[in-house]
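Asker: Chains as they are written, first to last, in my numbering: chain A, 68 to 355; chain B, 6 to 285; chain C, 8 to 127.
Don't take each hint at face value.
The calculated lysine to any residue pairs, modelled on SDA-like cross-linking and capped at a C-alpha distance of 25 Å, are [unchecked claim]: (1) B/Lys67 x C/Asp67; (2) B/Lys93 x C/Ile35; (3) B/Lys115 x A/Ile169; (4) A/Lys352 x A/Arg220; (5) B/Lys240 x B/Lys93.
No lab work stands behind these hints, which were simulated from the structure alone. No experiment lies behind these values; they were computed from the predicted model shown.
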Amino acid sequence: MKELTVISGKGGTGKTSIVAAFTTLAEDAVFCDCDVDAANLHLLLEPKTVKVTEFYGMKKASIDKEKCIQCGRCADMCSFGAITGSTVNELACEGCRLCYHICPVEAVEMVDHLAGHWFVSETSRGPFVHAKLGIAEGNSGLLVAEVRKEARRIAEEKGRSLIITDGPPGIGCPVISSLADTSMALIVTEPTASGIHDLERIVQVAKNFDCYIAVCINKYNLNEENSRYIEGISRKLKVPVVGRISYDTTMHRAVVNKKPVTLVPEGKVQQEIKDLWAEVYNIIKTIK
Amino acid sequence: MQISIASGKGGTGKTLVATNLALSIPDQPVQLMDCDVEEPNAHIFFQGQPVSRITVTRPVPKVDAEKCRHCGTCSEVCAFNAIALLDKMVLTFDDLCHSCGACWYLCPHKAIEPLEKEIGTVEKTDVGDMVLVTGKLKIGSHISPPVIKKVKEQSLPEGINIIDGPPGSSCPVMETVEGTDYCVLVTEPTPFGLNDLTLAVKMVKTLGVPCGVVINRDGPDSVMVEEFCRDNNIKILMRIPLDVGIAESYAQGIPLVKENPAWKERFEKLYRSIVEEVQA
Amino acid sequence: MKIAISSQGDSTHSQVNPRLGRCEKFIIYDTDTGKNTAVDNGGRLSSGGAGIATARMLADLGVNVVITGFVGPKAFAALKTAGIKVYTGAQGTVEESLQLYQQNKLEEAQSANAGAHSGI
Chain A
68 MKELTVISGK
78 GGTGKTSIVA
88 AFTTLAEDAV
98 FCDCDVDAAN
108 LHLLLEPKTV
118 KVTEFYGMKK
128 ASIDKEKCIQ
138 CGRCADMCSF
148 GAITGSTVNE
158 LACEGCRLCY
168 HICPVEAVEM
178 VDHLAGHWFV
188 SETSRGPFVH
198 AKLGIAEGNS
208 GLLVAEVRKE
218 ARRIAEEKGR
228 SLIITDGPPG
238 IGCPVISSLA
248 DTSMALIVTE
258 PTASGIHDLE
268 RIVQVAKNFD
278 CYIAVCINKY
288 NLNEENSRYI
298 EGISRKLKVP
308 VVGRISYDTT
318 MHRAVVNKKP
328 VTLVPEGKVQ
338 QEIKDLWAEV
348 YNIIKTIK
Chain B
6 MQISIASGKG
16 GTGKTLVATN
26 LALSIPDQPV
36 QLMDCDVEEP
46 NAHIFFQGQP
56 VSRITVTRPV
66 PKVDAEKCRH
76 CGTCSEVCAF
86 NAIALLDKMV
96 LTFDDLCHSC
106 GACWYLCPHK
116 AIEPLEKEIG
126 TVEKTDVGDM
136 VLVTGKLKIG
146 SHISPPVIKK
156 VKEQSLPEGI
166 NIIDGPPGSS
176 CPVMETVEGT
186 DYCVLVTEPT
196 PFGLNDLTLA
206 VKMVKTLGVP
216 CGVVINRDGP
226 DSVMVEEFCR
236 DNNIKILMRI
246 PLDVGIAESY
256 AQGIPLVKEN
266 PAWKERFEKL
276 YRSIVEEVQA
Chain C
8 MKIAISSQGD
18 STHSQVNPRL
28 GRCEKFIIYD
38 TDTGKNTAVD
48 NGGRLSSGGA
58 GIATARMLAD
68 LGVNVVITGF
78 VGPKAFAALK
88 TAGIKVYTGA
98 QGTVEESLQL
108 YQQNKLEEAQ
118 SANAGAHSGI
């Protein structure tokens, strides 16, 4: 079984639109949305959810007001400023347990903390695993790991040979979590100053993993000079450019209509995405 | 005054709004502060002279091998597996450490001391009309809130601070928006934009920060955002049309207000609406 | 001498789990008694640093050799410090991997063969 993870460094480069299009081109795949902070892929896939699982993050501190003698030690020592009097601010608590250890009257308990949910859904084109993290919950790396594990389990169970993963933006913990053990990372970038700037950083991050790395330039004709510059950087970083997709309002229209772009009437971008998929699929087939 | 700029989703034009707003505020000292420390981008639109550079550090454990009695308390109390007693040696893993202090406070032999370690930088650049403050997380560091905090500490007490945050609605965004006087949420009229705006509004309300919306790539589809704002009693502060020219000048790294003075007036109007909202 | 093999299940017929920090069980083979014991890998539930927690557990159990598929840099450093030798390239069942080791067909790892955070 192989896994393709689509990432972008910068947000808004069109990553999710491209993954949605891939779902219509791939046969025999399981789809997975690892952007657990702001999941979006479900908006384009019309999923029917068949299973909801609660996700518990790290345990957090809770103070028993009956036992608490208001000595204030925990509040003084908490590095996260999470304790006021005998109340713990759940948003600020990182679950380090220092208060639990130092409380002289054992008034602190570590309790399970519901941080979000993950879902298994059916779509017309295959199984889909996605998640929703609560507002301002940390630990998205762990939830990404759960989502990917479930996608792998389903792929094995149903004998599907490929997992296509919509990765999170940025270069932080969730991205690292979504790249671990993947077969191929496809970086979707755009020819803007920010796109160029972020490309080098995300390639450096991906290079820490044993996966094949390739670049796709979306909105290619928005600034052809910048696009050529991106091609230059890619050469320097030794990662191939496997796709060039034009700036076309069809992409935008497809999103507004909640459809993968490949399912709206034919145009130039659709063919470009099909060519990109053919390239990507060729690579996926040959790498180990 | 601190005005934070956020957007549930990346790529909606948050940096576009932050940079142009900062360049359009009249008669006041202005600072643009980039808190998107994983991918700081605002500096791309400016040239200037570096003024200062601060290193951001946080404490990690340093074990004194002479004092250590290999009791294993540190390994037991660490919730993050960042310190481990193995055979007769204690190993530390700084990138897993949350700097909670459990190991150094609880070591019965006082063999562990906190040691400050660099996780990022805050740079000030004079870009002519204002000062740009950029926070940058060191590659390999994953914990951004201390860097964001340090950027916000540089705020001008008597002036306008425009704080550009990271995308999303996770911890670093909370850290950015928390305690600011007003939050501008930049969105786009797509189902993606609306989905993420809904999350961002929840986040901002949790923090008790007043907010308003800027619709980027405005057009007939904006109806869905308008409905949402009406239902939630949120003001639409400004609309930026879907325009290839705007996308192109952004791609070239030229601020919109420098290319076209008409935009300066519109962003100044945005600023005045924000001030009105804050004073209301 | 105690040899630990990262496994997906309880017996020597279980498939090897190539991931050290996130494997469900270890089968521990004691060369002195010829007996196999299965132990839970509690470390796999850690939100981070699972390989380190696993290394600590193996050290506490007095393991001398661990056989697995991949080992990341942190887990490798921890195992090395604990004086545990690491052999990578395990495949098939636990029993088959143990045989490969006994026939000297597995290589002793000199460094990590997986990226950091692999197990997350």
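Asker: Does each hint fit the structure? Answer for all of them.
Answerer: Here's how the hints hold up against the structure:
1. In summary, the hint linking B/Lys67 to C/Asp67 is supported, as the alpha carbons are separated by about 23 Å, within the 25 Å threshold.
2. A hinted pair counts as satisfied when its Cα atoms are at most 25 Å apart, and B/Lys93 with C/Ile35 qualifies at roughly 23 Å.
3. As the CA atoms of B/Lys115 and A/Ile169 are separated by approximately 15 Å, the hinted pair is consistent with the 25 Å bound.
4. Taken as a hint, the A/Lys352 and A/Arg220 pair is honoured in the structure, with Cα atoms around 21 Å apart against an allowance of 25 Å.
5. As the CA atoms of B/Lys240 and B/Lys93 are separated by approximately 63 Å, the hinted pair breaks the 25 Å bound.
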